[in-house]
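Please model the complete structure; the sequences and the hints are all you need to start from.
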Amino acid sequence: MTNASELFPQKRVTRLPGGYMGRILRVNLTTGSTKDENLPEEPLLRRFLGGQALATYILLGELPLQAKPYGTESKVVMMTGPITGTGFTPGGTKVTAVYLSPLTNYSLGRGASSGFWAVYLKAAGYDGIIIEGAAAKPTYLFINDGKAEFRDASRVWGKGARETEDLLKQEVGIKDAKVMCIGPAGEHLVHGAMLVNDYNNNAAHSGGAVFGSKKLKAIVVYGTARPRIHDRDKLIDAGQRWRKTLDVYSVDHRKSVGYARQLEALPNLNFRSTLIADHSRGFDQNRVVQRPCFQCARLCPWHVEIGEGPFRGKIGHFNGGAEWMDTFWNLGVKGNATLYLAERINDLGIECSHFAFGAGVMFEAWEKGLLGPEDTDGLRLEWGNVEVIDRLLDMAARREGKWGNLLAEGPVEVAQAIGGDAPKWIVHTKKGTPAMHDWRPHFGQMLRELVASGGMKPQGGGTANPPPDLKYREQWGPLDRDDPAGWPWSNVLAEQYRQFCGLTGGCWFAQMHLKPDGLNSIVDSLNATTGWNFTLDEGLVAGHRSVILQSIFGTQRGWIADHDWQNVGPRFLEPVPDGKYKGFTIAKWLPEMVYEYYRLSGRHEKSGRPFMDTLSRLGLEEFKEWAQRD
Amino acid sequence: MSEKYGSLIPTGRLLDGKPRTILFDASKCIGCRQCVHACKDWHDHPRTSVYELSSTNWITMEPPVLEGLSPLWGRNSCMHCEFPMCAAVCPVEAITKYEEGPVVISQEICIGCEYCIYACPWGVITKNDLTHKAAKCTMCSDRVSEDKNPFCVQACPVGALDFGLAEAISAKARKGAEENGGYLYGDKEAGGTQLLYVLKEKKGDYGVRPVGLERYPQHKIPLGLMLKDLFTLRCGFAGKIRALYLAVIHPKRLIYRYWPWRGVA
Ligand code: SF4
Ligand code: SF4
Ligand code: SF4
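So the protein sequences, as listed, match chains S and F. Under this note's numbering, the first residue of the first sequence carries the number 12, and numbering increases by one thereafter. Under this note's numbering, the first residue of the second sequence carries the number 10, and numbering increases by one thereafter.
In case anyone wonders, no lab produced these hints; they're calculated from the structure. Cβ atoms here follow ideal geometry from the backbone N, Cα and C, with glycine treated the same way. Incorrect hints may appear among the rest.
[Unchecked claim] Just so you have them, the derived chain S footprint on chain F, three or more residues with Cβ under 8 Å:
1) 14–28
2) 40–48
3) 55–63
4) 75–84
[To be verified] With the C-beta cut set under 7 Å, the calculated list includes, among others, these residues of chain S facing chain F:
5) 183
6) 186
7) 301
8) 302
Structure (structure tokens):
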């Protein structure tokens, strides 16, 4: 493994490819120091590109093996990619943060976010940030046109994400500044705390808690620089092609139950029913305004002004998915109260599923008589009780009382505290919680959730047909949703091209692999930006490399592939309780499906360690000590 | 063109001489400012503030609040007047009205006298702090001359912007206004412009100015500024010579510049 001084050259000897700003900011909160590092040399950049892979590679080199997620030795590495902020591609909006996950204590935590923040980090002159140490007092980092300084955050400590954003913009006196911050949940080390930026965007999966452990409330960025582009005309052309592939969200979609409709399953009463009923009642009276990320025409983020009922006039800021709605539907809430609560959870900065599955177990325990008012300080945990849920959100975000503290810990701890059968009702993977949807009716999505790093939003989700752009090499016909054959390979591939998209600095929600040109336009965007000559195949290899780095990080800290199917909340593996896919479960095919996935991705099926020839193929020989030996 | 302008302003042709118009349909606009960033991207401007017009930010979306947070949005950029006051007052003829629509300030010729900044009824010209020259939206004349649409137009993710031959756009705008009970803005203001807005609520709600209907509208260039430009080093010696020379060969063009009731304040 290259050490830091070799990785970040004093003086670059190779060309800085287009798209990059050329610098990484290293900040140490303990000492209050900041330092500019030169970006690695071109060959290394071409290997890891940016985003998760480059960030993980840096983290692997710098994070001690015995580091604790919240220890001062813990680090967060945040990276954009070359197409982030170029302006000519629809999805060039991404920043990815990696760290040791406090949910699993042994796997890679990753939070990725879009919006505007990443664009302005580059405008401020940096491709990424390495965050070290821990501050003694609440602090925020202000990066203004190439200059970084720490500032006192006591004024915003304790405040929600929205207010923090507004106040910090005022405080730095720059209206165009962009804020990434944590809410109270991050401050109180709620293990599932998020990073929140630009109102509508969240980087979930614990990054907020790690920020909190460092007393880092926010990073405010502003600058006016733009990355140099290798071939602007070609980039404009590739970006416009990419844009044509986008599946544009409509306003009407925001007045429906959203993603549950595509999945044909909506989480009800702690994953005990999947039926879609009148959940979105009243949504038709809301005023919805789409608020796209920087230069992206997919129109994921949206604002809502609730138009009826007790929450009339309340405002909410959301992004593409519908995790926040599924969260409260899972607790029996319907109608616009869902959106009200969804705004609250985002403002507090708690990852939806972390709360949804913890509270879900509590509510189920109440229903089944395992918990009563004497256990809950009088809180009546009745399904759909908006007031109680509202209260629990505050308690969880600030670790108030016994239950607030347990919710902050996670669903496993909640269930253990309740005892009895409660541990059977949990949904989790390796103690992290999957993205908040009911994925159970679907092979591709379930497999991807299981093999993810644990509570980290994974990036597979194989498709029934090969993406049109891969038809030249992939032959499978429609995969059968009742037959596991083919799904692991589909997932391996999906993970690779999604990872690749992220490494370029592109948003994988804007990556439309099912449309012709959906992948090639991204490859061409990368090439036009950087001056490289990637093929799609090489792009997939880069994605694969990133997946392997992620798993090496786990291997180093005690993760094995068997945990993927063994350490899973039982409810997640129960057969679909009702609806169109009643009775379906991936459990029938475990562990074989997980094993096959690992074999196909060049790793040992039980240990998850990469084989030596996988490492050689990916140019990762330097990690040979973590390879599978036989 | 010369009949229309009676040689009051410099004119030119980029492509085929057919007038074109940008359409802004406020009922569709979501205030995302992708047009604003697209303009910066095309013209390679730094990411300076999107909230105010500057030499590196040629459009603003009003009101100046965070994207998505206002129910109504108005576009604020050069209207590409049919009778551009900015061009009429320019002493060095740095501003040209092209037949296809664009009103363009030549950065080479501009001497930074600021007359146009005062003359523009929409107040959309700003001065570049470094070069001291006037700058504004060009209607992407470089793209128009290649028969492409302005970059902001192609960027709009919801089709609130459109571009095309003037008659077609005007018909579309009329139809849009009829359908949503709205009205047009820009078709008659200042004698007509090549930006057409479809609005529904009061003009002020979109942050657009109530400009009168007369051609080359009344404006106020401070007398002090004129005297300064004439008698100090400001604007350079070559600039003064050029202004003098043009005043002699195009005396008619002085009418909106120095005629007391039409220009000088
Ligand atoms: S709006 Fe102003 S700058 Fe634009 S053409 Fe008219 S007078 Fe000139
Ligand atoms: S027409 Fe061209 S110069 Fe004018 S605002 Fe649009 S992109 Fe900018
Ligand atoms: S890009 Fe379109 S929708 Fe967005 S602010 Fe501009 S005109 Fe409005």
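Hints and how they fare:
no., hint, verdict
1, 14–28, "violated (count 0)"
2, 40–48, "holds (count 5)"
3, 55–63, "holds (count 6)"
4, 75–84, "holds (count 5)"
5, 183, "13 Å, violated"
6, 186, "5 Å, holds"
7, 301, "5 Å, holds"
8, 302, "3 Å, holds"
This entry does not satisfy hints 1, 5, going by the numbered hints stated previously.
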